[in-house]
Amino acid sequence: MKHSISIFWRLKDNHYKIYITKCGDCGRVAPLKRLKCPYCGSRNVEHVESRGFGELINYTVSYYRTEGSEQYLPRVVGLVKLDEGPVIVGEITDVDLNELSIGTRVEAVLRKYSSEDPNGLIYYGLKFIPVIKK
Amino acid sequence: MKTYVVGSGVTKVDRHYDKNYLVLIDEAVGKTLANSGLDASDIEYLVVSTAFSESILNQADPSTYIAQNLGFRNVKALTVSSGEVSGAVALDYAHALIRSGKASRVLVVGFEKMSEYPSWVINKVYSKILEYEVEGIKNVAPSDYAALIMNDYMRRYGVSRESIIKWSIKMHENAVKTPHAQLQFTISADSLSKALRISEPLTMLDSHPTSDGAAALLLVNESVAKKAGTTPIELVDVESSVNLPIYLRDDLTYFSATAAAYKRLSSRNGVKLTTNTAINVYDTYDIYGLLTIEALEICARGEAVKCVDEMPYLNVGGGLKARGHPVGATPLYQVHELRELMSGASWVKYDGDISLAHAMSGPDNNAWLILLKGWV
Numbered sequence: 001m002k003h004s005i006s007i008f009w010r011l012k013d014n015h016y017k018i019y020i021t022k023c024g025d026c027g028r029v030a031p032l033k034r035l036k037c038p039y040c041g042s043r044n045v046e047h048v049e050s051r052g053f054g055e056l057i058n059y060t061v062s063y064y065r066t067e068g069s070e071q072y073l074p075r076v077v078g079l080v081k082l083d084e085g086p087v088i089v090g091e092i093t094d095v096d097l098n099e100l101s102i103g104t105r106v107e108a109v110l111r112k113y114s115s116e117d118p119n120g121l122i123y124y125g126l127k128f129i130p131v132i133k134k
Numbered sequence: 001m002k003t004y005v006v007g008s009g010v011t012k013v014d015r016h017y018d019k020n021y022l023v024l025i026d027e028a029v030g031k032t033l034a035n036s037g038l039d040a041s042d043i044e045y046l047v048v049s050t051a052f053s054e055s056i057l058n059q060a061d062p063s064t065y066i067a068q069n070l071g072f073r074n075v076k077a078l079t080v081s082s083g084e085v086s087g088a089v090a091l092d093y094a095h096a097l098i099r100s101g102k103a104s105r106v107l108v109v110g111f112e113k114m115s116e117y118p119s120w121v122i123n124k125v126y127s128k129i130l131e132y133e134v135e136g137i138k139n140v141a142p143s144d145y146a147a148l149i150m151n152d153y154m155r156r157y158g159v160s161r162e163s164i165i166k167w168s169i170k171m172h173e174n175a176v177k178t179p180h181a182q183l184q185f186t187i188s189a190d191s192l193s194k195a196l197r198i199s200e201p202l203t204m205l206d207s208h209p210t211s212d213g214a215a216a217l218l219l220v221n222e223s224v225a226k227k228a229g230t231t232p233i234e235l236v237d238v239e240s241s242v243n244l245p246i247y248l249r250d251d252l253t254y255f256s257a258t259a260a261a262y263k264r265l266s267s268r269n270g271v272k273l274t275t276n277t278a279i280n281v282y283d284t285y286d287i288y289g290l291l292t293i294e295a296l297e298i299c300a301r302g303e304a305v306k307c308v309d310e311m312p313y314l315n316v317g318g319g320l321k322a323r324g325h326p327v328g329a330t331p332l333y334q335v336h337e338l339r340e341l342m343s344g345a346s347w348v349k350y351d352g353d354i355s356l357a358h359a360m361s362g363p364d365n366n367a368w369l370i371l372l373k374g375w376v
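Taken in order, these protein sequences are the chains called A and B.
Take 1 as the starting number for the first sequence in our numbering and just add one per residue.
Take 1 as the starting number for the second sequence in our numbering and just add one per residue.
Hints are not guaranteed to be accurate.
Said to hold, decoys possible - Once the Cα atoms are required to be at most 20 Å apart in a straight line, the calculated SDA-like pairs of lysine to any residue come out as: (1) A:Lys12 with B:Arg15; (2) B:Lys128 with A:Glu67; (3) A:Lys33 with B:Glu131; (4) B:Lys226 with B:Lys76; (5) B:Lys76 with B:Arg105; (6) B:Lys128 with A:Asp117; (7) A:Lys22 with A:Ser4; (8) A:Lys12 with B:Tyr132; (9) A:Lys17 with A:Ile129; (10) A:Lys36 with B:Leu248; (11) B:Lys194 with A:Val61; (12) A:Lys33 with A:Gly85; (13) B:Lys128 with A:Leu82; (14) A:Lys36 with B:Val242; (15) B:Lys166 with B:Ser193; (16) B:Lys102 with B:Ser193; (17) B:Lys373 with B:Met1; (18) A:Lys17 with A:Asn119; (19) A:Lys112 with B:Tyr132; (20) A:Lys33 with B:Arg249; (21) B:Lys102 with B:Tyr132.
To be verified - Which stretches of chain B does chain A cover? Using the computed rule of at least three CB atoms under 8 Å from a CB of chain A, they are: (22) 113-125; (23) 131-145; (24) 148-157; (25) 197-204.
Just so you know, the hints here were simulated from the structure itself, not pulled from any lab data.
All C-beta atoms in this analysis are idealised placements derived from N, C-alpha and C, irrespective of residue type, glycine included.
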C-alpha cells in the first residue's frame with residue numbers, strides 16, 4: 001500500500017515507539033499520543049513512553065487478503081494489554097501458531113509494515129513477538 | 001412537520017459487471033418514482049449516499065453527475081459520505097429538510113459498486129472504515145475485529161461457535177424469499193467446518209458478500225403524501241451515537257453506541273422493541289447482528305442466539321449477510337424492505353405499527369437508528 005511520507009513521518013511516535021496518554025482529570029490511560037483523553041475529553045494529559053511489554057488478551061489468525069499483504073498471510077492480529085495498563089491493537093509476528101495462546105507475554109519489535117510502494121519505499125513499524133527469555 | 005416515504009425502489013444486489021452506477025441508479029429511481037405518483041421534475045433535492053465512490057470509481061461528488069445524466073434539471077444535488085452509515089445520514093439530512101419546511105419532495109439515492117476490482121483491492125478499500133492512522137496503516141481489517149468480538153462473546157457467555165451460525169442460516173432463508181437479495185440459497189451448520197476462513201473463528205458463512213446495488217427513497221411532507229398514489233410510511237425519527245474504538249472498550253460484547261441511540265430514541269418516542277417488532281439491523285458479520293439485538297434490549301445479554309428463532313420480522317430481506325451490502329445503499333435497502341413489509345408487499349404479513357432500521361460503521365463505531373411508522 002502506498003502511504004504518504006509526511007503522514008508516516010508525523011506518526012513516528014505512534015509507530016516506532018509506543019506512547020501512552022495519561023489523563024490528569026479522570027485518571028484513565030489510553031495508547032498513543034493523544035490531544036485529549038478519549039474517555040473524558042480533558043486536555044490535561046501527559047504522554048509517557050511504554051516499555052513495550054504486555055500480555056496478549058485476544059487474537060485472531062487472519063487470512064483477509066489486501067493488496068500487498070499476501071507475503072504476510074496468515075497474520076495474527078491481537079489485542080495486547082501493556083504492562084502500563086492500556087490495550088493496543090497490533091500484529092503478533094515471528095510466532096508458532098501452535099504455541100500462541102491468550103496470556104502469552106509479548107514485547108514490541110520493529111518490523112516491516114509494507115514494501116509494495118511504487119517508488120520502492122519500505123515502511124516499518126512496531127509489531128509484537130513472544131517475549132525472548134534471556 | 002412530518003416526513004413520509006411515498007416511494008422506494010431497489011436493484012437486485014449482485015456483482016453487476018455490465019452496469020455502471022448510473023444505470024443502477026436509473027433503475028432504482030425509475031421504480032421509486034413509478035409507484036409514487038411524482039416525476040423527476042417534482043424533485044427539489046437529490047441527496048446521494050455512497051461510502052467509496054472516490055476510492056473505487058475515482059468520482060468525487062457523484063450527485064452532480066447523477067443529476068446531469070439522469071435528467072434532474074432543477075434539483076439541488078449533494079453527496080453524503082459517512083462510511084457504512086452514509087445512507088442513514090443521507091436519510092437524516094432529507095428528514096431535516098422536510099421537517100424544517102425547507103423542502104417538500106426529496107429523493108434520496110444510495111449506491112455502491114464494490115465489484116469493480118478484485119477482492120484484495122476492494123478489501124483494502126473497505127478497511128478504510130477503520131481509523132487509517134491507527135488501524136489501517138497496520139493492515140488491521142474489519143473482519144479481524146469481528147473475530148476478536150466473537151471470541152470474547154463465546155468466552156464470556158459460553159456460546160458455541162456452531163450456535164452463532166444460526167443467524168446466518170436464518171438470513172439465507174429470508175434471502176431466498178426476497179427477489180432483490182444477492183445470496184438466494186440456504187446454508188447449514190454442517191457447512192461451517194468447510195467454509196473459507198477469513199479471520200478465525202470467522203468464516204465466509206459469517207460475513208456479508210461483496211455487493212453492487214442502488215436504492216432510492218422518496219421523502220415528502222404531509223400535504224404531498226396525502227396526494228400520493230401509494231400508502232405512505234412515516235419516517236418518525238433518526239438517532240445516533242459514536243462509540244470508542246474497540247481497543248479502548250471495557251467490554252467488546254456490548255454495542256454501547258447502538259444502546260445509547262436506542263435509549264434516546266425509545267424515550268423520546270415512547271416505543272419499545274420486542275421480538276415481534278420488525279427490525280432491520282446491520283449484520284455485517286453474524287456476531288454483530290446478535291450483539292445488536294441485545295443492545296436494542298430485545299434479548300438479554302448472552303441470549304441472542306436463543307432469540308433469533310422467536311423473531312419472525314428480523315431482517316426479512318436477508319440482512320447484509322444474504323441480501324448483500326452495497327455499502328452506501330444498504331440503509332436505503334433496509335428502509336425499502338421495511339416499507340414493503342408495512343405496506344403488505346413483503347413475503348410475510350406484518351401487523352405492527354412501527355419498525356426500525358439500524359446501521360453502523362465498523363463494530364458499532366458509529367450507530368444510527370431510523371424509526372418508521374405506518375400511515376394513520
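These are the hints, each one checked on the structure:
no., hint, result
1, A:Lys12 with B:Arg15, "40 Å, violated"
2, B:Lys128 with A:Glu67, "13 Å, holds"
3, A:Lys33 with B:Glu131, "15 Å, holds"
4, B:Lys226 with B:Lys76, "24 Å, violated"
5, B:Lys76 with B:Arg105, "11 Å, holds"
6, B:Lys128 with A:Asp117, "18 Å, holds"
7, A:Lys22 with A:Ser4, "29 Å, violated"
8, A:Lys12 with B:Tyr132, "14 Å, holds"
9, A:Lys17 with A:Ile129, "15 Å, holds"
10, A:Lys36 with B:Leu248, "14 Å, holds"
11, B:Lys194 with A:Val61, "17 Å, holds"
12, A:Lys33 with A:Gly85, "15 Å, holds"
13, B:Lys128 with A:Leu82, "26 Å, violated"
14, A:Lys36 with B:Val242, "16 Å, holds"
15, B:Lys166 with B:Ser193, "14 Å, holds"
16, B:Lys102 with B:Ser193, "55 Å, violated"
17, B:Lys373 with B:Met1, "15 Å, holds"
18, A:Lys17 with A:Asn119, "25 Å, violated"
19, A:Lys112 with B:Tyr132, "17 Å, holds"
20, A:Lys33 with B:Arg249, "18 Å, holds"
21, B:Lys102 with B:Tyr132, "37 Å, violated"
22, 113-125, "holds (count 5)"
23, 131-145, "holds (count 10)"
24, 148-157, "holds (count 3)"
25, 197-204, "holds (count 6)"
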